[in-house]
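Participant: Here's the letter readout for the chains.
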Amino acid sequence: MSLRRILLAVVAVGILVVLGGFALMWRPAIAPVATSAKSQTDRKAIDHGAELASIGNCADCHTSPNGAAYAGGRPIPTPFGTIYASNLTPDGETGIGSWSEEAFKRAMRDGVDREGRQLYPAFPYDHFTHTTDADIHAIYAFLMSKPAVRNAVPANELAFPFSFRPIVAGWKLLFLNRNALEPDSSKSAEWNRGRYLVEGLGHCGSCHTPRNALGGEKKGSAYAGGVAEGWNAPPLNASLVTAHKWTVDQLAEYLSTGWHRLHGAAAGPMADVAKNLGRASQADVHAIATYIASLSPGAEGAKAAVPAGGKVMKDQSAEVVAIYNGACAKCHNDRLDVGPSQAISLAYSTAVQQPESANTVRVVMHGIEAYRTDGGPYMPAFEGILTDKQIASVVQYVRARYTDRPQWTDVNSQIAKARQEGAQP
Amino acid sequence: MKVSLHVNGKTEEVDVADSSTPLLYVLRDNLKLRGPRFGCGLGQCGACMVHIDGRATFSCVLPVTAVGDRKVTTLEGLMEGGKPNKLQQAFIDEEAAQCGYCISGMVMQAQALLNKTPNPTDEEIRRHMEPNLCRCGTHVAIMRAIKRAAVA
Numbered sequence: 001m002s003l004r005r006i007l008l009a010v011v012a013v014g015i016l017v018v019l020g021g022f023a024l025m026w027r028p029a030i031a032p033v034a035t036s037a038k039s040q041t042d043r044k045a046i047d048h049g050a051e052l053a054s055i056g057n058c059a060d061c062h063t064s065p066n067g068a069a070y071a072g073g074r075p076i077p078t079p080f081g082t083i084y085a086s087n088l089t090p091d092g093e094t095g096i097g098s099w100s101e102e103a104f105k106r107a108m109r110d111g112v113d114r115e116g117r118q119l120y121p122a123f124p125y126d127h128f129t130h131t132t133d134a135d136i137h138a139i140y141a142f143l144m145s146k147p148a149v150r151n152a153v154p155a156n157e158l159a160f161p162f163s164f165r166p167i168v169a170g171w172k173l174l175f176l177n178r179n180a181l182e183p184d185s186s187k188s189a190e191w192n193r194g195r196y197l198v199e200g201l202g203h204c205g206s207c208h209t210p211r212n213a214l215g216g217e218k219k220g221s222a223y224a225g226g227v228a229e230g231w232n233a234p235p236l237n238a239s240l241v242t243a244h245k246w247t248v249d250q251l252a253e254y255l256s257t258g259w260h261r262l263h264g265a266a267a268g269p270m271a272d273v274a275k276n277l278g279r280a281s282q283a284d285v286h287a288i289a290t291y292i293a294s295l296s297p298g299a300e301g302a303k304a305a306v307p308a309g310g311k312v313m314k315d316q317s318a319e320v321v322a323i324y325n326g327a328c329a330k331c332h333n334d335r336l337d338v339g340p341s342q343a344i345s346l347a348y349s350t351a352v353q354q355p356e357s358a359n360t361v362r363v364v365m366h367g368i369e370a371y372r373t374d375g376g377p378y379m380p381a382f383e384g385i386l387t388d389k390q391i392a393s394v395v396q397y398v399r400a401r402y403t404d405r406p407q408w409t410d411v412n413s414q415i416a417k418a419r420q421e422g423a424q425p
Numbered sequence: 001m002k003v004s005l006h007v008n009g010k011t012e013e014v015d016v017a018d019s020s021t022p023l024l025y026v027l028r029d030n031l032k033l034r035g036p037r038f039g040c041g042l043g044q045c046g047a048c049m050v051h052i053d054g055r056a057t058f059s060c061v062l063p064v065t066a067v068g069d070r071k072v073t074t075l076e077g078l079m080e081g082g083k084p085n086k087l088q089q090a091f092i093d094e095e096a097a098q099c100g101y102c103i104s105g106m107v108m109q110a111q112a113l114l115n116k117t118p119n120p121t122d123e124e125i126r127r128h129m130e131p132n133l134c135r136c137g138t139h140v141a142i143m144r145a146i147k148r149a150a151v152a
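Note that the protein sequences, when read in sequence, are chains W and P.
Each residue of the first sequence is one higher than the one before, counting from 1 in the working numbering.
Each residue of the second sequence is one higher than the one before, counting from 1 in the working numbering.
Hint data in this document are derived by calculation from the structure and do not stem from the laboratory.
Ideal placement from N, C-alpha and C gives every residue a C-beta, glycine not left out.
Wrong hints could be hidden among the right ones.
Unchecked claim - Short derived list, chain P residues pointing at chain W, Cβ under 7 Å:
| id | residue |
| --- | --- |
| 1 | R28 |
| 2 | L42 |
| 3 | V61 |
Stated by the list, open to error - The calculated BS3-like cross-link candidates involving lysine-lysine, where the alpha carbons are at most 30 Å apart (straight line), are:
| id | chain 1 | residue 1 | chain 2 | residue 2 |
| --- | --- | --- | --- | --- |
| 4 | W | K417 | P | K2 |
| 5 | P | K86 | W | K389 |
| 6 | P | K71 | W | K389 |
| 7 | P | K116 | W | K314 |
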């Protein structure tokens, strides 16, 4: 056979495989229905659905800054382009008001919309697929009970070939595992409940598990840490470095209030997660904490390597000491008296312990504003108060004084990146 | 120790005992500029706001030795020919103060916005003014004052 014929054959087989794949993954449209908030009368299901939606952190992505809750439109940056979160309110035209519960369930489980189009996995159906029928029913009842908001969401901005939705079918063959989580009878009911929520609705791995070049979670490195909107999502497994090992109760408090005095504040994208978990069933939050704590087995209650007041520092420039004392120590006062800003000793901060400086740099530059109206930890944004050079020097000073870990090597690039990307809305 | 500062267009030499002394204390105590106020001392409320190179900044968490050659402007520095500037006059005309403690910071924050965006929307004003707290609830009058200065 000539080379030309071989090439033609390869192309033909390729096309057949692709077509076959599409046929295999093709899903029909599900007939539209007329839904209205009035049709939802099951108060128990609605309330339960609201709590579950909080665990799923649905409102965070599906609400644009200053927009109506669940009305969509928030731009979600991905390595492949920008995806706009859809409108989940029961508006017939721009929302999901014409979706039957069956259509909603298919979206959650298979990542296909009512019309049969592939949904991008920025919507974490690779986790939601584990959600039970009863829980999907409750979330559906809750969403349909919301006021319908007319809000046409902008079209996604994705480069070819990612703009071609059917390729998502191929992604699913690789990364969507629809098998239900079988309960592990050797573990407690609470652990199993926690695993169900963490692996499913909570979709913790979406940020805390590293992703491969195709955007799939690296299953072999589950919970080894990932990235989220420029922040490091620290590992949830034994590779996490902290001053104090997390206990279940500490995790539960942190997850539902966004703060723990021995660890620090949930900042960046985690702040919204914590604010939503504060509205969830606290029994469920405790179950989540139980499962997450089990990912890093080991002795609890070890003392921090560096005391709350930090190490005695020698040979530091007077300039950086003045900055630390005048800017940081006003609140981080080393006396375990956290004060109105809930500023912990930096010897206890998880962010300061991390191998990369991203989270410390971002907290220093952009502050913590997320809890302003609810009450909780606060930090002013030092971008503008201090120069980039001063921020770099004080961040390294904190690392040296409050940890036993090596100096960061990425501070200048993280400052430049944080400045370019700006504070998250 | 001696520290040199650029404040309201002048170069000032001040003597401070502690290098971590906040800029706010030096402005009020050494330079007798009483526009910026001490509110919380924690960068929470905004009563101490001044402009550093044109940007509204908490002066209570800025050590005076870290200012360097950046230019400091206080409420006094906004005056034009010994009279309140357009924004300051708008605050007076709208009576946008009750106890008045936050107002210096509010004016500085609002001026920084108007310098960048001469005609801001309500939404832009609200978002920009978020760091500044007012316990009296004068926000509606403050909004009016900023909009008055914007269109005047």
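Participant: It remains to establish, for every hint, whether it holds in the given structure.
Facilitator: Quick rundown of the hints versus the structure:
no.	hint	in the structure
1	R28	violated (15 Å)
2	L42	holds (5 Å)
3	V61	holds (5 Å)
4	W:K417 / P:K2	violated (36 Å)
5	P:K86 / W:K389	violated (36 Å)
6	P:K71 / W:K389	holds (17 Å)
7	P:K116 / W:K314	violated (44 Å)
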